[in-house]
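Spelled out from the first residue to the last, the chains are:
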Amino acid sequence: MYTEKVMDHFSNPRNVGEIENANGVGEVGNASCGDIMKIFLKVEDNIIKDVKFKTFGCGAAIATSSMVTELAIGKTLEEALVLTNQAVAEALDGLPPAKMHCSNLAADALHEAIKDYQAKNS
Amino acid sequence: MKQIYLDNNATTTVKPEVLEAMLPYFREQFGNPSSVHWAGRMVSGAIEKAREQVAQLLNCSSAEVVFVSCGSEGDNFAIKGTAEALRHKGNHIITTTVEHPAVLETCEYLEKNGFEVTYLPVDKDGMLDLADLEAAISDQTILISVMWANNETGNLFPINEIGEIARRHKVRFHTDAVQAIGKVPVDVQAAKVDLLVLSGHKIGAPKGVGALYLRRGTRMTRFMHGGHQERNRRAGTHNVPGIVGLGVACELARLNQEKDYAYVRRLRDKLEQGILSTVPDVKLNGHPNPDLRLPNTLNVSFNFIEGESLLLFFDMKGIAASSGSACTSGSLEPSHVMKAMGVDIVLAHSSVRFSFSADNTEEEVDYILAELPPIVQRLREMSPLYQREEPTPLHCDECRMVHKAS
Chain A
1 MYTEKVMDHF SNPRNVGEIE NANGVGEVGN ASCGDIMKIF LKVEDNIIKD VKFKTFGCGA
61 AIATSSMVTE LAIGKTLEEA LVLTNQAVAE ALDGLPPAKM HCSNLAADAL HEAIKDYQAK
121 NS
Chain B
123 MKQIYLDNNA TTTVKPEVLE AMLPYFREQF GNPSSVHWAG RMVSGAIEKA REQVAQLLNC
183 SSAEVVFVSC GSEGDNFAIK GTAEALRHKG NHIITTTVEH PAVLETCEYL EKNGFEVTYL
243 PVDKDGMLDL ADLEAAISDQ TILISVMWAN NETGNLFPIN EIGEIARRHK VRFHTDAVQA
303 IGKVPVDVQA AKVDLLVLSG HKIGAPKGVG ALYLRRGTRM TRFMHGGHQE RNRRAGTHNV
363 PGIVGLGVAC ELARLNQEKD YAYVRRLRDK LEQGILSTVP DVKLNGHPNP DLRLPNTLNV
423 SFNFIEGESL LLFFDMKGIA ASSGSACTSG SLEPSHVMKA MGVDIVLAHS SVRFSFSADN
483 TEEEVDYILA ELPPIVQRLR EMSPLYQREE PTPLHCDECR MVHKAS
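Going line by line, the protein sequences match chains A and B.
Note that the first sequence covers residues 1 to 122 in the working numbering.
Note that the second sequence covers residues 123 to 528 in the working numbering.
Calculated from the structure, these hints are not laboratory results.
Among these hints, one or two may not hold up.
Label pairs and their in silico Cβ distance ranges [claimed, not checked]: (1) K49(A) to D413(B): 50 to 60 angstroms; (2) M100(A) to G358(B): 33 to 43 angstroms; (3) N21(A) to T133(B): 49 to 59 angstroms.
In silico DSS-like links for lysine-lysine, alpha-carbon gap of 27 angstroms or less [to be verified]: (4) K124(B) to K329(B); (5) K124(B) to K5(A); (6) K439(B) to K5(A).
Cβ atoms here follow ideal geometry from the backbone N, Cα and C, with glycine treated the same way.
Construct the entire structure; sequences and hints are all you get.
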């Protein structure tokens, strides 16, 4: 059902946890669908220096969260804001069709965290 | 890697004695039992022997057993066949909110065709209020359909009492006994049921065969049209090897159920007590009294983590179980059974079902009890709901739109 990359990121998720004194935090999803993702950012000089995540959800939800952290680290905020859920799914070699709605929210969570950072620093 | 199969409510392995009994009916005894020639004659006796074996398990006459292709067909036949045959008497059916989809969706189909259906609620333990059931009966009621045991929680319904109520009000009574057969005693006379459905692959027979108990004198409209098989009650060439296998599985169940399921019960109780005493924030789903659940079923919610993730980690350790989370049900919502019991939405997504057979061992239970707590802890530490102070977001606009559209 899942690709090897999904299973790799699910079984060994990168950047799990919280960032103390994170300067941007975003959360998307809800308990009704069964997926909630929370992203913590450390932004310096407009660049994402560190990202961590916490996710309640299925294999796809955890794998996309892990992948989005890898894709975001080192990017400028502008670059990170154009990262799409679709791009995250493609970086994992695709997700099963049934998982495209509920579990593919990782880029949304990242964007929420960036907006939170921008609101606090404007 | 170890392979531990704890999903026996989903399906079981074919028992060696069953497979052995079936094999001659693929090559040497391949005839159509409806044929008059030697090839047909060779197998017709096998069908009748299997019918007798099923009848003995259920405590009925073999003429009351109709072979079908699966549990879902049996439930469809029982409910639609009754609805059509008794349409002149009334249009009301009583069932429960926790039935298998083969019953629920059949009732929903009938609702679109002029029938009225009462779906009885269950309490937080998943049990029915029999006063509710009796109060729901009207002069239009033609059928009561209540499962013998629930597939997700293992809850056993008071079938004998429901049979008594149905008989008193002269209403036909159907029970989906797919999960109960072979695990607890099932006696159609004591239970006063008129229609009962069982499925082969839940009891060590192959997939693709089941049986419907049809009490003598119960008028039914035909469901499968075609040939004259099963005394005109169900058309279609007999699945001879499957029927032979079902017969042997029923005989084994009759002989071994008490012994096997006393053993299974010990394993289940050990896993249940082990999980509840070692893992914090776990909720048992189903009746707290283990006597009121199937001896093989344990359904627990591991709070703060989602069921599919847990199943995938179990799978990496060779443990096969199932979950009521939306992700594993193929829909956008978690289990309808958890919803009917009023289980909190996060806990419904977190539910995991372990279902044993007599092939499981105590060593397997020890292995699970050793492997499970670190997996749960790891997923909890990954969860934004664990040790959370702010409220959990509960609703999803996009899902609501998807529901409206579908």
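To see whether the hints hold, each was checked on the structure:
| no. | hint | verdict |
| --- | --- | --- |
| 1 | K49(A) to D413(B): 50 to 60 angstroms | holds (59 angstroms) |
| 2 | M100(A) to G358(B): 33 to 43 angstroms | holds (40 angstroms) |
| 3 | N21(A) to T133(B): 49 to 59 angstroms | holds (52 angstroms) |
| 4 | K124(B) to K329(B) | holds (25 angstroms) |
| 5 | K124(B) to K5(A) | holds (24 angstroms) |
| 6 | K439(B) to K5(A) | holds (19 angstroms) |
Consistency note: the structure conflicts with none of the earlier hints.
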